[in-house]
Amino acid sequence: MRAYVIERLVDTGLTCVGISFVVFVFLHLAGDPAKVLLPPEASKEAVADLRRSLGLDDPFFVQYGRFLGNALRGEFGDSFIIRDKALSILLERAPATIELAVAGLLVGVVLAVPLGILAAHRPRSGIDHLASIVSVVGQAVPTFWLGILLILLFAVWSRLVPVSGRSGLRSLILPAVCLGLYLAPIMMRLVRSGMLTVLAQDYVRTARAKGVSEALILWKHALKNVSIPLVTMVGLQFGRLLAGTVVIEIVFAWPGIGFLTVKAVRTLDYPVVQAAVVVVGAAIALVNLATDVVVGYLDPRIRYG
Amino acid sequence: MRVRGFAGWLAAALTLIALGIPVGGFAEPRGQLVAALDSDRETLDPHQATGTIDYMVLMHVFDHLIARNPESMKLVGGLAESWRTVDDLTWEFKIRKGVKFQNGEVVNAQAVKFSIDRVLDPAQKSYLRDRFKGITAVQVLDDLTVRLKTEKPNPVLLERLTNLAILPPAYVKDKGDAFIAKNPVGTGPYRFVEWARGQRLVMEASPSYWGPQPAVKTLVFRPIPEVATAIAEMMAGTVDFIRLVPPDQIPAIEGSGKAYITTAPIIRVIFLNFDVAGRAGAGPTQNIKVREAISRAIDVDGIITHVLGGRGLKLGTVVNPMKFGYDASIKPVAYDPARSKQLLAEAGLASGTKLEFMTYSGSIIASRQVGDAVSGYLNKVGIQTNHQHIEDIGLSSNLERTGKLKDIYLASWGSWSVFDADMILYPRFHSSEAFAYVRDPKLDEWLDIGRNTVNAGKRMEAYRQVQKYVADNYLVFPMYAQTSVMAVSNKLNYKAASDETIALWRATWKN
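Top to bottom, those sequences are chains A and B. With my numbering applied, the first sequence corresponds to residues 1 to 305, in that order. With my numbering applied, the second sequence corresponds to residues 1001 to 1511, in that order.
I should point out that these hints are in silico values taken from the structure, not numbers from a laboratory. Treat each hint with caution, since some may be false.
[Said to hold, decoys possible] Quick list of in silico lysine-lysine cross-link-like pairs, DSSO-like style, CA-CA up to 30 Å:
(1) K44/A to K1100/B
(2) K44/A to K1149/B
(3) K1404/B to K44/A
(4) K85/A to K1442/B
(5) K1442/B to K44/A
(6) K85/A to K1406/B
(7) K85/A to K1173/B
(8) K1175/B to K44/A
(9) K1125/B to K44/A
(10) K44/A to K1458/B
(11) K1331/B to K1468/B
(12) K44/A to K1406/B
(13) K1133/B to K85/A
(14) K1152/B to K44/A
[To be verified] Heads up, incomplete: computed chain A residues facing chain B, CB under 10 Å, no partners named:
(15) I81
(16) I151
(17) R166
(18) L169
(19) T267
We put the beta carbon where it would ideally sit given N, CA and C, even for glycine.
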């Protein structure tokens, strides 16, 4: 296992270098930040001066080499726009993003697992149909619209929670529920189909014949088998959420990484985009590694190395 | 506010009148006002900020040498009590006596020199530098007198000085640029309290402010990018002010019983830009008949009424009527689709010809809908459009200034709240400018006269010639001047101003 983890960590490092190169190329193709930074009436000399001072007139590979050398030391340079260290700007937003990702996934899992199990336990029953409808509606409803609806119902009319912003646990409820409702359907479908397969297997039939209670069969024996793809999916979703959930961040004015990165791309703020891509890329790779380790623990048949 | 004796009270009253604030508001500041803005601040260093909204927010903490009366839009003294031109290349300013920065430093000529020199220092990479680089020297004559020498006569210098914040030199030198960017200290009506990036910026009424104390004690600026969320906050009573309200949301605000709408005509003008010079390649808009045909095909009144809910002022020139240099004799082009078709036939443009047409989001209210309306009118006379909408102002501005906008572009120009024709005519029509899609030596000559002459009569004449030439040759199609639409809580009195700024120190409580 240790050799496998070390190998994966090396892979993660190489992946980050690869990602950084691709992003560097695309950002340079996207345009000249000096022109975005200066006022509309700025002269050509002013644009040239700014390009020089930002180091943008060096050859491409010189710029990339400088970036890579600095990045290895954890230094991504100062944001062109915010005039502060790109990494510290990003890390400032990280807690909000992690908080929302964890809470959203928790809501998703809490909704999806029981509903998926119940639907699989009584296929084609009323609850199964209800679960299907909920999952189709959950996937079809745009997050943006759902967010506004939740705000109107629970913040404007009933005043139970704040409308937007990040000000304590209560302000986390609406964005987390919105995210959870978006994530739940796909997880619920996975649990349902996994349970259907597992419940049809011989060992379940044997357990039932031995008189093991239905609850024990469902929640212990069957769920453990279904949890392997579920953990893989939760890991993948968590990694994705670490890159930010732009729509939810915008609707709930949530100060996360997603909106920051989108804005940095629009304004061609190279240091922030590069820091975001490398840091988030590394985080996603590490989450995937952790997922593999957990799956190995859940399923002793899986061996690494 | 500390005033001593009758003279002091008289001076205070005169200051209030000059700033357009009703005399009598001497009550202690109280309460909290939460303002929703569509973006977060980038920095709190006014010399490093790049966005118009940054400037508006930082105006609460910083003062400038020159300010603007919110009612008349005339220039009035800010930190400069008075000023005069010594000769065509020299301006002299008398600094207001007894003003202190919020950290106790005294505002004097040295502070003014330090602030201007800081903007001009290339190492600072200030966004403002280009606007002030005509200043060749800042001379301190005595503690309260400063002279600015300019390379050429600079008639718009006073207007531009409304953008240059005065900073405390000792504080800046002691703490350094990075610290200033997060902990600003100025002379304005509010002092900085807290900035949680992406969440809130908090300010409190400054007890040492030299002008009248504001009515609102605490200001909280919250970045809320989605306007529907900002409106929901207002309905819940947790936001008191929204800067940009789209026309389709006005009924929701007005019907809420929580807030009201305040509007003001602003100097931002919306117009169709034609690629007259063929910067993006040869195309039909290089033909004057096609440009006239397009101008006659669009019913601007219809757009103002149906898309903008009547909020807009139809124009015949891109110079806003509130600006120096506006020529009232130039009337809008009459809507005449029959004549438009005739002109297109004369130009030999086949019916169904497709033209490129780009619009963008950012500063034009309902830009996509206005663009759709323009496309619809053009379709009626036989011009098809390849209408592309860009959501990002930075990207569209980049394409615009690099000469990549072919055929037609729905453009806007806010002039950075500078009420002078130079601020739009020069960048849009002078051959040397990145934003100009026209190359014409005649225009260059008139524009140079306008920019480098202090004689108002000569300048006016130059701008009259430019506007007539632009209109006669249909170089652009001026459409309308925009109206700013803001939402204000029923608890407050506040009126939108025509310079597009927000000045919440002018807000007062109703009860």
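So, going through the hints one by one against the coordinates:
Our distance criterion of 30 Å between C-alpha atoms is broken by K44/A and K1100/B, whose separation comes to about 39 Å. At most 30 Å may separate the alpha-carbon atoms for a hinted pair to count; K44/A and K1149/B meet this at roughly 24 Å. Of the pairs offered as hints, the one joining K1404/B and K44/A holds, with about 16 Å between alpha carbons and a cut-off of 30 Å not exceeded. A threshold of 30 Å between alpha carbons decides the hint, and for K85/A with K1442/B the separation of about 48 Å lies outside it, so the pair is violated.
For the proposed pair K1442/B and K44/A, the alpha carbon gap of about 22 Å is at most 30 Å, so the pair holds. Of the pairs offered as hints, the one joining K85/A and K1406/B is violated, with about 39 Å between alpha carbons and a cut-off of 30 Å exceeded. For the hint linking K85/A to K1173/B, the alpha-carbon distance of about 20 Å falls within 30 Å, and the restraint holds. For the proposed pair K1175/B and K44/A, the alpha carbon gap of about 33 Å is over 30 Å, so the pair is violated.
With a C-alpha separation of about 15 Å, the suggested pair K1125/B and K44/A falls inside the 30 Å cut-off, and the hint holds. As the CA atoms of K44/A and K1458/B are separated by approximately 28 Å, the hinted pair is consistent with the 30 Å bound. For the given pair, K1331/B sits about 10 Å from K1468/B by alpha-carbon distance, which is consistent with the 30 Å threshold. Using a Cα cut-off of 30 Å, the hinted pair K44/A and K1406/B holds, with the two alpha carbons roughly 21 Å apart.
Of the pairs offered as hints, the one joining K1133/B and K85/A holds, with about 29 Å between alpha carbons and a cut-off of 30 Å not exceeded. Between K1152/B and K44/A the CA atoms are separated by roughly 19 Å; this keeps the pair inside 30 Å, and the hint holds. The closest approach between the C-beta of I81/A and any C-beta of chain B is roughly 5 Å, which is under the 10 Å cut-off, so the hint is satisfied. For I151/A, the interface hint holds, the least distance from its beta-carbon to any beta-carbon of chain B being 5 Å, beneath 10 Å.
Given the 10 Å rule on beta carbons, the hint for R166/A holds: about 6 Å separates it from the nearest Cβ of chain B. Proximity of L169/A to chain B is violated relative to the hint, the smallest CB-CB distance being about 15 Å (cut-off 10 Å). Below 10 Å, beta-carbon pairs count as interface contacts, and T267/A has one with chain B at about 5 Å; its hint therefore holds.
Consistency with the previously given hints fails for numbers 1, 4, 6, 8, 18, ordered from lowest to highest.
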